[in-house]
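One line per chain: the protein sequences are A and B, in this order. Letter 42 of the first sequence, counting from 1, is numbered 41 in numbering that gives the first Met the number 0, and no numbers are missing. Letter 81 of the second sequence, counting from 1, is numbered 80 in numbering that gives the first Met the number 0, and no numbers are missing.
Calculated directly from the structure, the hints in this document are not laboratory data. Note that the Cβ used here is the ideal one computed from N, Cα and C, for glycine as well. Just to be clear, a hint being listed does not mean it is correct.
[To be verified] Examples of chain B residues toward chain A, derived with CB under 7 Å:
1) 4
2) 5
3) 6
4) 7
5) 8
[Claimed, not checked] Computed list of lysine-lysine pairs in BS3-like fashion (alpha-carbon distance at most 27 Å, straight line):
6) 107(B) x 58(B)
7) 1(B) x 50(B)
8) 348(A) x 1(B)
9) 243(A) x 69(B)
10) 9(B) x 243(A)
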Amino acid sequence: MVLEGKKRVWEDYQKEIANDHYFYVRSCIRQTFFPGSETTFLRIMKNDLGKDVFEDARHTTCTGIGYHTDIVPLETTMTVIARHFALMTEAGYVNIIPSCVTSFGLYTEVLETWKHFPEIEEKIREYLWKATKREFKIPENLVHTSDIIYKFRSQIKEKSKVSLINKRTGEPLKVVEHIGCHYSKMFPTSGVGGAEFPSVLTGMIESWGGSVIDYPERRHCCGFGFRQYLVMANRGYSVSNSKKKFESMRPFQPDFIVANCPGCSMFLDRWQYTIAELEGVTYDNRGMGIPVLTYEEMAGLVMGYSPWELGLQMHQVSVEQLLDKLGIKYDKEQKYRGAKGQKIGEPQKPQFLIV
Amino acid sequence: MKEWGYSILKGRQIDFENNDFSISRFVELHEPSFSWCIGCGSCTATCSAAKFTDFNPRKVNLLIQRGEIKGIEDEIAKCMLCGKCQLVCPRGINTRNVVQNIKRAISKSYAL
Numbered sequence: 000m001v002l003e004g005k006k007r008v009w010e011d012y013q014k015e016i017a018n019d020h021y022f023y024v025r026s027c028i029r030q031t032f033f034p035g036s037e038t039t040f041l042r043i044m045k046n047d048l049g050k051d052v053f054e055d056a057r058h059t060t061c062t063g064i065g066y067h068t069d070i071v072p073l074e075t076t077m078t079v080i081a082r083h084f085a086l087m088t089e090a091g092y093v094n095i096i097p098s099c100v101t102s103f104g105l106y107t108e109v110l111e112t113w114k115h116f117p118e119i120e121e122k123i124r125e126y127l128w129k130a131t132k133r134e135f136k137i138p139e140n141l142v143h144t145s146d147i148i149y150k151f152r153s154q155i156k157e158k159s160k161v162s163l164i165n166k167r168t169g170e171p172l173k174v175v176e177h178i179g180c181h182y183s184k185m186f187p188t189s190g191v192g193g194a195e196f197p198s199v200l201t202g203m204i205e206s207w208g209g210s211v212i213d214y215p216e217r218r219h220c221c222g223f224g225f226r227q228y229l230v231m232a233n234r235g236y237s238v239s240n241s242k243k244k245f246e247s248m249r250p251f252q253p254d255f256i257v258a259n260c261p262g263c264s265m266f267l268d269r270w271q272y273t274i275a276e277l278e279g280v281t282y283d284n285r286g287m288g289i290p291v292l293t294y295e296e297m298a299g300l301v302m303g304y305s306p307w308e309l310g311l312q313m314h315q316v317s318v319e320q321l322l323d324k325l326g327i328k329y330d331k332e333q334k335y336r337g338a339k340g341q342k343i344g345e346p347q348k349p350q351f352l353i354v
Numbered sequence: 000m001k002e003w004g005y006s007i008l009k010g011r012q013i014d015f016e017n018n019d020f021s022i023s024r025f026v027e028l029h030e031p032s033f034s035w036c037i038g039c040g041s042c043t044a045t046c047s048a049a050k051f052t053d054f055n056p057r058k059v060n061l062l063i064q065r066g067e068i069k070g071i072e073d074e075i076a077k078c079m080l081c082g083k084c085q086l087v088c089p090r091g092i093n094t095r096n097v098v099q100n101i102k103r104a105i106s107k108s109y110a111l
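Excised from the complex, chain B in its bound form (with noise of 0.2 Å):
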């Protein structure tokens, strides 16, 4: 193909029509303080995996709600599961549950 020396761009609105909500379902029904987040990010400051690679709890739960889980699989592999985020959660929420659920509905190993 010819060189056009730029690309077409992928559009950043959200699609709410087309995204996947089946995680974000699952998780809210198994751990429903799953939407009690308000995204302030205290997670991702304590988390002990984020010191070591990208992860980033607080962006992935917010993609999950989104219904954008395009590669959540390999982001949510990154969590160690030692529980800092559900120690400074100022909403108190169950983190650990969440990403256990989160890892259960990825293996599809529940039914809705």
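In isolation and in its complexed conformation, chain A is listed as follows (with noise of 0.2 Å):
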């Protein structure tokens, strides 16, 4: 009865993620992050799941950043989204999957705002007509891609070469998960496991035979906070966030970080270099820091692709400790070639961060 019960309650905290069809939308930062991940993320719903997802060349920015920094008004973030809307619609799709966590919330604030005031929607609706003659129905089903990954998890797992599990020791790896905090904070229904105990990670690595570490500042933000990053003075509050965090995991050892937000996988990644910088500290026991993985560049390992292919090289963190774990095979030679053999550059030697 008591286990009825759990499950019962555990079905409030789910979410409805559609099977197939997807209008695929972009980061605007994520591509110069991690260039790799929305590649990844095309290859393995288009190659190997076989799933139908369409993207738009005409898509632009949901205007996040300005908006969070309050350089964009409401109205026109607003406006520019039902656009995104209308591509959709006219595209003819229902399921919308924007791959970063602040287009979702933002998204996800507008559905919600349009639901709760619909005189708004009708105004949006208006300027969009004036400023581009177009129209838009409400997207029936909105999710971010991270949930689409979670709810394929066991599909990636009978097509997976490798798992998150130690290859010397036989354990399995272990890992921080990292939740946006526009992901499920902000609209707590709108996460697979709501904002108490958001499951989305946590599902991909316990399939993929890795473990989870629950350290005491799990759920803190990792800092990213636009108004803090963006203006230079204020970066102090953003990266003494990071390091409350890696602090609070750093005696779980962990053997990397995964993340769903753009922002959280950036900072917690190149943070690890400026605090190294900073104050001579790193968070492992080697000087080399702890790498860092967007969830698709986790599933891309997983499913057994070049590291170089899924972009790694571009981390700051190397993430050749974590290869070697896995035991993944990798030519050091091609870290920094292009896709034809070409050399593109080798980024300059941290001073105390080992690469």
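Take the two lone chains and join them into the complex the hints point to.
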């Protein structure tokens, strides 16, 4: 009876995730920070899972960065998002899947606003018509792309070539999972597991053989926060948040960190370099830092994709230590080679962080 | 070192596991009324030293009870032991004896 009760309660924390036919919208910043992630998502969805994913080159920013830094007014943001819905409608799709957690949060916020204030939706429809002569339908299903990977985690497991297990010890890799704040903290019902028990990344990690670390600051923000990061003088707030998390996770000796948000992946990776340069501290035993992956990169490694095709050479913290643990073979000479074998240049070496 | 234009801020988390409670324990042992404080701030409002310096008896009390005792020696040295705080304390704390015992604890002239 108790189990039934728990199961029933847990159902309230689930969300509907469409099975096929997705209108995919890219992130502004992920293609720069982690350029292989979105390509990997499309590769898994189209080639490995055989799903129909459509994207439109006319898609633009959702204005999330401008909106959260008080530069873009909400009505403008809503009109831009309405245009995205119009592109989806014109393409004949009803399921929209943003790659960015901030876009996902903003789309959710806009739809919730229109639900409670239909007069605002009417006004935005009018603005869109005046500006572009477009009309749109409300998406039937809005989920983040990490929800899609979560939904198909078992199918990915069936096709996987690598498990999240340390080849030397046979033990599951210890993974820190970090959920972007805009995924489920603003609208708890919009995330798998809600804001209290977000299981979108946990589900992937455990399905693919890893174990999740439950450390004290697990749900703390990474510190990105647009206002903190975009003004240089405020960046101390941002890096301090990340440092708080690193200090909290350090005793558990994580093998890697995985995040589902562009900003979180970026800052949990890059701030390790900054903290090392400013304070001479790293959060592992060898001075190399803790590797940070996006969920698509983690899925790509599990699927046996080449780490350099996944774009892992673009990470600040070297991923070779993780690849060695996973038993993935890689060619060091190919790390800084392009798709046609040409040299793409090597980054400068940090002073403290070992790469 | 390169100029970053920002610095890493120290957290304001109270680290009860690693803070130093030796002064707090000593004072509570020798002047039990130390623990009656409700932090009303009447002592600071009436403090003669606080009129001329940034001395804050309420803050000193709070920091010692938290075990955050860095720089406490310089702080407590600002007290003139006039005793006005004792007159206004709604809890009847023997504040002068508290200050004396804090100074004893700092000077290590005791055995715990």
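To see whether the hints hold, each was checked on the structure:
1. Among the interface hints, the one on residue 4(B) holds; its C-beta lies about 4 Å from the nearest C-beta in chain A, closer than the 7 Å criterion.
2. With 7 Å as the threshold, the beta carbon of residue 5(B) comes within range of chain A, its nearest partner Cβ sitting at about 4 Å, so the hint holds.
3. Restraint check, residue 6(B) versus chain A: the minimum CB separation of about 5 Å is within 7 Å; hint holds.
4. Taking 7 Å as the C-beta cut-off, the interface hint given for residue 7(B) holds, the closest approach to chain A being about 5 Å.
5. The interface hint given for residue 8(B) is met, as the beta carbon of that residue sits about 4 Å from the closest beta carbon of chain A, less than 7 Å.
6. Restraint check for residue 107(B) and residue 58(B): satisfied, since their Cα atoms lie roughly 22 Å apart, inside the 27 Å limit.
7. Distance check on the hinted pair: residue 1(B) and residue 50(B) sit about 43 Å apart at the alpha-carbon level, beyond 27 Å; violated.
8. Restraint check for residue 348(A) and residue 1(B): the C-alpha separation of about 15 Å stays at or below 27 Å, so the hint holds.
9. Between residue 243(A) and residue 69(B) the alpha-carbon distance is near 22 Å, which keeps this suggested pair within the 27 Å criterion.
10. For the hint linking residue 9(B) to residue 243(A), the alpha-carbon distance of about 9 Å falls within 27 Å, and the restraint holds.
Violated hint for the displayed structure: number 7, the only one.
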